[in-house]
Amino acid sequence: MSDVLAVVEHRRGSLRDVSFELVTAGADLVGDTGGDLHLAVIGGDVDAFAEALSLAGVDAIHTVAEGDEFNHDVYVQAVEALSEELDPTYVLMGNTVNGLDYAPAVAERLDLPLVTDAIGLQNDGGLVVTREMYASKVESTVEVDADRAAVTVRPGEWDAAEEPGEPTVEAFSFDLDESRVRSRVTGFEEAGSGDVDITDADVLVSVGRGIEEEENIELVQELADALGATLSSSRPIVDNGWLPKDRQVGQSGKVVTPKFYIAIGISGAVQHVAGMKGAENIVAINTDPDAPIFDIADYGIVGDLFEVVPELIEQFE
Amino acid sequence: MKVLVTVKEVAEVEEDFELDGLRVADQYLDYDLNEWDEYAVEEAVQIAEESDDDVEVVAVTIGPERSEETIRMALAKGVDRAVRVWDDALDGVDLLDVGAKTRLLSAVVEEEGPDLVLTGVQANDDSFGATGVSLASAIDFEWAAVVNALDLDADGGVANVRRELEGGVEELTEVDLPAVLTIQTGINEPRYASLRGIRQAQSKEIKPLALSDLGLDAAAVESDLVLTDVYEPETESDATYFEGDAGEQAADLATVLREKGVGAQ
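Protein chains in written order, with our numbering: chain A, 1 to 317; chain B, 318 to 582.
Honestly, I wouldn't trust all of these hints.
Said to hold, decoys possible - Below, computed lysine to any residue pairings styled on SDA-like, alpha-carbon distance capped at 25 Å: (1) A:K259 / B:G580; (2) B:K577 / A:D298; (3) A:K277 / B:G578; (4) B:K577 / A:V302; (5) A:K259 / B:Y558.
Claimed, not checked - To give an idea of the interface, some chain A residues facing chain B are shown, with a C-beta separation under 10 Å as derived from the structure: (6) N98; (7) P113; (8) L114; (9) T116; (10) Y134; (11) A135; (12) E143; (13) V144; (14) G228; (15) D246; (16) I296; (17) E307; (18) I313.
Hints listed in this document are in silico derivations from the structure and should not be mistaken for laboratory results. Backbone N, C-alpha and C fix where the C-beta goes; we use that ideal spot for every residue, glycine too.
My request is simple: use the sequences and hints to build the entire structure.
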């Protein structure tokens with residue numbers, strides 16, 4: 001029997017999508033073992049969140065009314081207290097920016113082995129986790145050599161649970177040790193809101209690391225101009241300061257859904273794909289035939305962008 | 318003040334590679350300093366440069382002797398000295414889990430007594446992204462993960478940070494010191510090592526430490542995780558590929574784009 005405690009996430013009044021994916025992953029993990037799936041809802045409008053999370057497969061929801069927003073010190077203490085109460089076999093959390101801000105501390109305090117960024121979970125008497133290594137070039141399976149574990153699951157890998165259910169909902173209270181709350185969230189800001197809105201564009205020409213040098217950005221800008229498209233980019237281009245932050249597509253940038261997304265010299269790291277997989281048509285131009293961008297592309301050119309892009313510009317001049 | 322910055326030599330896999338058991342065969346691996354650590358090193362060096370007080374920057378790595386060449390690049394960029402943890406017990410460990418790394422780094426923290434620890438958000442090889450926060454918990458430091466702006470107020474005992482959340486949103490947070498901060502790429506512009514820096518780095522210390530030097534034994538590096546399989550993911554591409562030379566490829570793509578109303582002013 002495996003009991004699972006899954007910890008949901010919210011921000012600024014809304015549950016994050018990963019919360020519903022955690023329900024699916026958790027229900028899969030409990031499977032036929034006769035165990036229970038518990039959800040922890042910590043902070044914010046816990047009653048509304050609990051109602052939204054009353055889904056099939058969930059046995060019990062534990063609400064912790066403590067603060068409005070995520071605070072890792074509160075989360076760590078709440079999950080620790082809940083784990084002592086419920087004694088779960090597996091603690092599931094999201095492999096998000098906030099997940100990575102508290103899950104490792106939960107594992108450390110509860111002395112649980114931690115596997116992060118799971119893309120697959122199997123529970124046949126022991127836990128086997130599928131995950132990626134070397135920037136998605138290699139996949140691996142990791143066996144947990146312990147009875148219990150903490151796992152963070154990659155967003156977008158499990159379907160969001162939708163079917164309504166009737167879990168019990170209970171308020172959980174514990175003694176928060178204020179002396180261990182040593183960080184304070186003072187606000188939120190939208191990063192880099194310039195005059196270009198890439199989420200509004202029908203056609204995006206998007207440039208990645210393959211462009212090599214700052215002065216080569218001009219080449220893709222020329223293509224964007226020829227196509228009447230807007231220029232966007234993957235993370236390394238913004239990290240290098242070659243384009244402003246408001247041009248960045250991906251998990252930490254913007255999520256875009258244009259009619260055409262033309263990815264030039266972008267390998268297609270999972271964080272980037274999270275921001276553009278909803279595009280209607282995806283074109284990938286890359287020298288590496290194994291680049292993950294081709295997995296989601298509708299049209300592919302395996303070739304040198306410095307040869308292909310000038311030819312493409314000529315086609316539209 | 319002392320800043321400890323964790324660094325790791327990581328292997329990047331070439332485009333075409335073969336596996337050798339549970340590893341990528343060595344000839345397809347290029348070793349370099351982990352990308353995130355470049356930014357953590359730069360941030361630490363900038364803190365030292367901008368402070369009116371004496372700030373010592375110490376790098377710590379877990380790695381074999383081979384990694385010294387890479388670690389020396391951090392020394393060339395302004396890190397004062399380095400500590401390298403390695404032990405025969407670590408030879409042949411396929412996957413050193415977060416718990417084991419935490420035990421090793423905690424012992425180094427105890428030895429060094431830093432006021433601030435900077436790590437990269439994650440390492441580019443096994444990408445656990447967890448060691449910094451786990452370490453903070455173990456040594457009872459406060460922490461913040463995925464920091465993309467840092468304003469240190471050492472006298473006030475606070476670090477004002479921005480955390481890069483999903484969707485282009487940044488969280489502004491005050492973190493009490495001492496703290497562990499995991500540093501995101503883009504927080505600064507990592508410098509290139511100067512010739513003078515590279516020369517000076519040759520005489521800077523990289524102190525090797527075995528488990529016994531840290532008061533630990535082989536149990537400290539026992540991992541609860543066992544790597545059981547490593548394979549190339551199946552490619553699921555059902556893309557339409559345009560073949561031929563660059564001109565032909567471009568012409569075929571242009572046809573599709575025009576058909577779908579792109580670039581047809």
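These are the hints, each one checked on the structure:
no., hint, in the structure
1, A:K259 / B:G580, "holds (12 Å)"
2, B:K577 / A:D298, "holds (13 Å)"
3, A:K277 / B:G578, "holds (21 Å)"
4, B:K577 / A:V302, "holds (21 Å)"
5, A:K259 / B:Y558, "holds (19 Å)"
6, N98, "holds (7 Å)"
7, P113, "holds (3 Å)"
8, L114, "holds (5 Å)"
9, T116, "holds (5 Å)"
10, Y134, "holds (4 Å)"
11, A135, "holds (6 Å)"
12, E143, "holds (5 Å)"
13, V144, "holds (6 Å)"
14, G228, "holds (6 Å)"
15, D246, "holds (8 Å)"
16, I296, "holds (8 Å)"
17, E307, "holds (4 Å)"
18, I313, "holds (9 Å)"
In terms of the numbered hints stated before, the structure departs from none.
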